[in-house]
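Peer 1: Single-letter residue listing:
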Amino acid sequence: MPAGRVLDRETWRPSRLTCKYTLAYLGPVSDVFQALAAPARRAILDELQERDRQTLFELCTRLTMKHGLELSRQAISQHLDVLESAGLVITEREGRYKFHHLETGPLRAIFERWTV
Amino acid sequence: MRIVLTSVYVDDQAKALAFYTDVLGFVKKKDIAFGKSRWLTVVSPDDPDSTELLLEPDGHPAAGPFKDALVNDGIPFTSFDVDDVHAEYERLTGLGVRFTQAPVEMGPVTVAVFDDTCGNLIQIAERSGQ
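Protein sequences appear in the order of chains A and B. For the first sequence, numbering that gives the first Met the number 0 assigns the number 0 to the initial residue and increments by one for each residue that follows. For the second sequence, numbering that gives the first Met the number 0 assigns the number 0 to the initial residue and increments by one for each residue that follows.
Just so you know, these hints were derived from the structure itself, not from any lab. This one's a predicted model, so the numbers in the text were calculated from it and none came from an experiment. Hints should not be assumed to be uniformly reliable.
Claimed, not checked - Once the Cα atoms are required to be at most 25 Å apart in a straight line, the calculated SDA-like pairs of lysine to any residue come out as:
{"id": "1", "chain 1": "A", "residue 1": "Lys97", "chain 2": "B", "residue 2": "Pro102"}
{"id": "2", "chain 1": "A", "residue 1": "Lys97", "chain 2": "B", "residue 2": "Tyr88"}
{"id": "3", "chain 1": "B", "residue 1": "Lys35", "chain 2": "B", "residue 2": "Asp46"}
{"id": "4", "chain 1": "A", "residue 1": "Lys97", "chain 2": "B", "residue 2": "Gln122"}
{"id": "5", "chain 1": "A", "residue 1": "Lys65", "chain 2": "A", "residue 2": "Asp80"}
{"id": "6", "chain 1": "A", "residue 1": "Lys97", "chain 2": "B", "residue 2": "Gly63"}
{"id": "7", "chain 1": "A", "residue 1": "Lys65", "chain 2": "B", "residue 2": "Asp72"}
{"id": "8", "chain 1": "B", "residue 1": "Lys28", "chain 2": "B", "residue 2": "Thr5"}
{"id": "9", "chain 1": "A", "residue 1": "Lys65", "chain 2": "B", "residue 2": "Asp83"}
{"id": "10", "chain 1": "A", "residue 1": "Lys97", "chain 2": "B", "residue 2": "Lys29"}
{"id": "11", "chain 1": "B", "residue 1": "Lys27", "chain 2": "B", "residue 2": "Arg90"}
{"id": "12", "chain 1": "A", "residue 1": "Lys65", "chain 2": "B", "residue 2": "Lys28"}
{"id": "13", "chain 1": "A", "residue 1": "Lys65", "chain 2": "B", "residue 2": "Pro107"}
{"id": "14", "chain 1": "B", "residue 1": "Lys14", "chain 2": "B", "residue 2": "Asp80"}
{"id": "15", "chain 1": "B", "residue 1": "Lys29", "chain 2": "B", "residue 2": "Gln12"}
{"id": "16", "chain 1": "A", "residue 1": "Lys97", "chain 2": "B", "residue 2": "Lys28"}
{"id": "17", "chain 1": "A", "residue 1": "Lys97", "chain 2": "A", "residue 2": "Gln77"}
Here chain B stands alone, though its shape is the one from the complex (with noise of 0.2 Å):
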């Protein structure tokens, strides 16, 4: 068994694609006509075979509250890793991405929060050991 895949709940998919690659910087890995949707998925360039992330429709009547509940506590249910979060928090700042918490060391990461545009809170995090 292996894990290949993981989703974030967004509200519109193309502008959840437009973020995700022009301003996170992931690329686009498969796009596939599902329904009245698509089966979206980005990867990270420098890992491309690695996990895909699903750029996931929120319809769901559950899935509004339980994004809006996160939102308002400043919970990300996603993290990704970045090698430094400082150059990324500037990085993104300058490109107009909103942080709920800017670059904060918690022990072993330095952590930072952002909002993806789509209804979510992401975080970065920067392992500093092992």
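Chain A with its partners taken away, still in its complex shape (with noise of 0.2 Å):
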């Protein structure tokens, strides 16, 4: 495993939204697998890939116009705590801006636990 990101202690950064710092130690990978099962969440995975840092609003935007998710933006942004939680998406503050970047490293530990 190279630098076996999503397991190293040291490294690991859970949200500092949701605070779910004893969750997200205890067991991030299960986090990933728990993060990924909502349709939402793979959604916003989906769009984050196809433009990486978005600030919230053009992520409620995308997940309205192209996906046909009637969510408030509460709740995408609860959905963004979880993926944040799981190593999945990466909030970066920049002055007053905040935008939203996709991780894989979390997916490719996965991938290569198992890749024959």
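Combine both chains into one complex, guided by the hints.
Peer 2: Dropping the structure here:
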């Protein structure tokens, strides 16, 4: 396993928004499965794959216009918290703006675990 | 009843006038001394008798937190129509305007979002079909 990023407790950064420190430290990999279980969260990852670094507004607009998901901004924000706890999304603050990035490291760890 | 005016809360009226005219390309319509500030509006040169945009001082204590919360989530409170979002994106980027959202097609509209330097995010929209 290359960097072992997901399992490395030194570099693991749980969500600052949700403060789910215990959850994040106990089982980052199982968090990834939980995070991927919801279609809305997979749609968020799809959209971040198409264009990385998006504001909450852009993600909300994309989910509504392209996926027909009738979710409130709060609901989408909570989905982002779950993805961030699982290490799949990283939020970056730049001045007054906040952007969301796709982080595929946790997926790579899963892929490498079961790939022949 | 008619809608003739809409506002953006700006942190500095002189700076706002410069940005909304020199950079965006609107023209000044009204500039009237109004207490410590000005009743300052701009209009589109393409449609000078249409809705005026009031560059309104954001001095009210609630305005700052409101604007900050919108910007934090990337939300534009105001939207302008343009003929070609990509062309405007190139033009404004060349003038140093900061975009938080590059042009993206969202069904019947293509939209982009930029910072007006006065504390607001502004959306520009191109409608491809009616």
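Peer 1: Run every hint past the structure and note whether it holds.
Peer 2: Do the hints match the structure? See the list:
1. Lys97(A) / Pro102(B): Status holds; Cα separation ~18 Å.
2. Lys97(A) / Tyr88(B): holds, 20 Å
3. Lys35(B) / Asp46(B): Violated - the C-alpha atoms of Asp46(B) and Lys35(B) are around 30 Å apart, more than 25 Å.
4. Lys97(A) / Gln122(B): Holds - the C-alpha atoms of Gln122(B) and Lys97(A) are around 17 Å apart, at most 25 Å.
5. Lys65(A) / Asp80(A): holds, 21 Å
6. Lys97(A) / Gly63(B): Holds, because 17 Å separates the two Cα atoms, which is no more than 25 Å.
7. Lys65(A) / Asp72(B): Distance ~19 Å between Lys65(A) and Asp72(B) Cα, so the pair holds.
8. Lys28(B) / Thr5(B): Within the cut-off at roughly 13 Å; holds.
9. Lys65(A) / Asp83(B): holds, 21 Å
10. Lys97(A) / Lys29(B): violated, 36 Å
11. Lys27(B) / Arg90(B): Since the Cα atoms of Lys27(B) and Arg90(B) sit roughly 21 Å apart, the hinted pair holds (cutoff 25 Å).
12. Lys65(A) / Lys28(B): Distance ~39 Å between Lys65(A) and Lys28(B) Cα, so the pair is violated.
13. Lys65(A) / Pro107(B): holds, 11 Å
14. Lys14(B) / Asp80(B): OK: Lys14(B) and Asp80(B) at ~23 Å, within 25 Å.
15. Lys29(B) / Gln12(B): Holds: Lys29(B) and Gln12(B) sit about 13 Å apart, inside 25 Å.
16. Lys97(A) / Lys28(B): Not satisfied, since the Cα-Cα distance of roughly 35 Å exceeds 25 Å.
17. Lys97(A) / Gln77(A): Holds, at roughly 15 Å.
When the structure is compared with the earlier hints, violations turn up for hints 3, 10, 12 and 16 and for no others.
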